[in-house]
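K.L.:
Respectively, the protein sequence lines represent chains A and B.
Note that full-length UniProt numbering numbers the first sequence so that position 135 is 135, with each residue one more than the last.
Note that full-length UniProt numbering numbers the second sequence so that position 24 is 24, with each residue one more than the last.
A few of these clues could be false.
Said to hold, decoys possible - Listed next, the stretches of chain A that the computed footprint assigns to chain B, with coverage defined by at least 3 CB atoms under 8 Å from CB atoms of chain B:
#, region
1, 25-37
2, 189-195
What the hints assert, rightly or not - Listed below are the simulated DSBU-like cross-link pairs for lysine-lysine, each with C-alpha atoms no more than 30 Å apart in a straight line:
#, chain 1, residue 1, chain 2, residue 2
3, A, K23, B, K125
4, A, K67, B, K90
5, A, K62, B, K130
6, A, K67, B, K132
7, A, K67, B, K83
8, B, K16, B, K64
9, B, K57, A, K23
10, A, K62, B, K132
11, A, K23, B, K87
12, A, K69, B, K65
13, B, K125, A, K177
14, B, K8, A, K67
15, B, K90, B, K16
16, A, K62, B, K8
17, A, K62, B, K160
18, B, K122, A, K62
19, A, K62, B, K13
20, A, K69, B, K53
21, A, K121, A, K140
22, A, K69, B, K125
23, B, K16, A, K67
24, A, K201, A, K177
25, A, K67, B, K57
Derived by calculation from the structure, the hints in this document are not laboratory data.
Using N, Cα and C, we set each Cβ at its ideal position, and we do this for glycine too.
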Amino acid sequence: MDVNAYIDSGILELYVAGALSEKENEAVYALIQEHPEILQEVLAIESAVLKLTAAASPAEAKSVWEKVKSEIHEAPKETESPKVITLKKAKYNWVTYTGWAASIVLAAGLLWTLNQNRTLKTDIKTAETQQSELELQIEKSRNNLEETQTLLSVLRDAEIKQVPLEGQGDFTNTYAKVYWDKDQQRVFIDAQGLPDPPRGKVYQVWSLKLSPLTPTSLGTIAQFDQDANKIFELPNPNDSEAFGITLEPAGGSETPTMEQLYTLGVVKAS
Amino acid sequence: MDLDLLVKQFQNKDEKAFESLYKMYSESMHGVIFNIVRDDAIAEEVMQDVFIKAWHKADNYDAKKGRFFTWLLNISRNAAIDKTRSKSFKKKKQNLNADFFVDIIETHESLDRSTDAIGIAKFVKKLAEKCKAVIELLYFKGFTQQEAAEALEMPIGTIKTRNRNCIKDLREMVLK
Chain A
1 MDVNAYIDSG ILELYVAGAL SEKENEAVYA LIQEHPEILQ EVLAIESAVL
51 KLTAAASPAE AKSVWEKVKS EIHEAPKETE SPKVITLKKA KYNWVTYTGW
101 AASIVLAAGL LWTLNQNRTL KTDIKTAETQ QSELELQIEK SRNNLEETQT
151 LLSVLRDAEI KQVPLEGQGD FTNTYAKVYW DKDQQRVFID AQGLPDPPRG
201 KVYQVWSLKL SPLTPTSLGT IAQFDQDANK IFELPNPNDS EAFGITLEPA
251 GGSETPTMEQ LYTLGVVKAS
Chain B
1 MDLDLLVKQF QNKDEKAFES LYKMYSESMH GVIFNIVRDD AIAEEVMQDV
51 FIKAWHKADN YDAKKGRFFT WLLNISRNAA IDKTRSKSFK KKKQNLNADF
101 FVDIIETHES LDRSTDAIGI AKFVKKLAEK CKAVIELLYF KGFTQQEAAE
151 ALEMPIGTIK TRNRNCIKDL REMVLK
């Protein structure tokens with residue numbers, strides 16, 4: 001930077017006059033720090049202007065300093081008045097803080113109420129779900145009761161023939177019972193004494209004619225292991241003389257697999 | 001004494017430092033204020049206010065933003081101009097003398113005050129009219145470069161160089 005050209009530009013005279021912008025002032029200040037010759041120039045300008053302006057003073061104003069001095073000595077008194085202002089401020093602040101506190105409490109209360117409302121709504125939904133579950137259970141129980149009543153009526157009916165089926169061959173420890181409702185052309189198989197069939201196998205119920213031995217399938221027992229009381233209803237339009245239960249591949253077979261004959265019982269002539 | 005140190009002590013509420021600064025600058029500020037208000041009593045009143053204000057607002061001064069002298073100069077010019085705008089002032093002084101600072105200096109009878117004052121009085125007599133106006137606006141009235149350029153209907157650059165030459169003459173007169 002050409003310091004002499006900078007000095008000659010006249011910017012420093014304006015700097016001392018206070019005629020520059022704040023930004024320009026800061027730029028000059030920065031250059032003064034770097035270049036002592038700029039500072040010297042500023043001091044010379046300032047000194048000249050100081051003398052010029054002083055020359056415009058008509059007379060020395062000696063009493064002014066005494067007044068200024070006593071005035072700044074009274075400053076401590078003045079610092080007492082801000083205390084009063086502080087007190088006023090405190091009052092103002094108290095009201096403000098109370099206001100804020102109240103609004104915060106109010107907001108918190110609102111939020112709490114909203115939250116409560118949401119919780120209650122959830123509770124209602126839960127209760128509704130529980131209620132519908134209970135209703136389902138009641139219905140289920142009713143159905144169970146009906147089934148049980150049907151079974152009871154079947155069991156008590158004198159017309160129903162009870163045919164105990166005994167374990168055969170390797171399966172002597174198994175048993176079953178057939179309740180044959182001839183009028184309604186149906187049988188109820190009480191399969192309590194049969195083990196759960198292995199995977200991929202089903203029990204198949206057969207109606208038998210004895211001479212000659214002719215088996216007729218009454219159907220397979222589906223979902224054996226899922227039935228709690230192990231009583232299964234199957235249609236039986238046949239004039240059966242005996243009943244047998246065999247273990248067959250899933251879906252059942254055309255003819256019974258005699259090796260897998262679990263139980264067999266003959267209808268007693270009435 | 002180092003001026004920067006003095007100013008710092010003043011900012012730390014050192015009364016001795018303040019008194020030193022007052023001695024250095026009060027006459028100059030008085031001249032500037034008087035040039036604006038043109039009344040002895042009012043000028044003293046304004047000057048008193050200016051230095052009290054400077055004491056209380058000492059923290060506001062920042063060397064980065066300008067010279068301490070310039071800071072005081074601004075406070076003085078603003079206080080004096082504010083005074084001329086007050087109701088009480090307007091009642092008292094219907095018409096302000098439109099003359100420049102040079103008239104005050106030229107009409108001084110107390111030229112025995114200092115050799116500087118004599119030098120300045122001589123300088124002022126020789127001063128070109130355009131110099132008078134530029135110095136008046138920039139130093140005594142606190143016009144910005146732009147405002148001075150508009151008031152004197154001159155390009156900004158001309159203000160800058162003319163002022164430089166005027167101050168150069170002044171320096172030769174009073175500093176050598």
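K.L.:
Each hint: holds or not?
P.N.:
Against the structure, the hints:
1. 25-37: With 3 residues closer than 8 Å to chain B, the region 25-37 of chain A meets the three-residue bar; holds.
2. 189-195: violated (count 0)
3. A:K23 <-> B:K125: violated, 36 Å
4. A:K67 <-> B:K90: Holds - the C-alpha atoms of B:K90 and A:K67 are around 25 Å apart, at most 30 Å.
5. A:K62 <-> B:K130: Between A:K62 and B:K130 the Cα gap is close to 34 Å, so the pair fails against 30 Å, i.e. violated.
6. A:K67 <-> B:K132: Judged against 30 Å, a Cα distance of about 34 Å means the pair is violated.
7. A:K67 <-> B:K83: Between A:K67 and B:K83 the Cα gap is close to 19 Å, so the pair holds against 30 Å.
8. B:K16 <-> B:K64: Holds, because 24 Å separates the two Cα atoms, which is no more than 30 Å.
9. B:K57 <-> A:K23: Satisfied, since the Cα-Cα distance of roughly 22 Å is no more than 30 Å.
10. A:K62 <-> B:K132: holds, 29 Å
11. A:K23 <-> B:K87: violated, 36 Å
12. A:K69 <-> B:K65: holds, 27 Å
13. B:K125 <-> A:K177: violated, 146 Å
14. B:K8 <-> A:K67: holds, 23 Å
15. B:K90 <-> B:K16: violated, 37 Å
16. A:K62 <-> B:K8: holds, 25 Å
17. A:K62 <-> B:K160: violated, 36 Å
18. B:K122 <-> A:K62: holds, 26 Å
19. A:K62 <-> B:K13: Holds. A:K62 to B:K13 sits at ~22 Å (cutoff 30 Å).
20. A:K69 <-> B:K53: Holds: A:K69 and B:K53 sit about 12 Å apart, inside 30 Å.
21. A:K121 <-> A:K140: holds, 29 Å
22. A:K69 <-> B:K125: violated, 38 Å
23. B:K16 <-> A:K67: Holds. B:K16 to A:K67 sits at ~15 Å (cutoff 30 Å).
24. A:K201 <-> A:K177: Given that 30 Å is the threshold and the Cα spacing comes to 20 Å, the pair holds.
25. A:K67 <-> B:K57: holds, 18 Å
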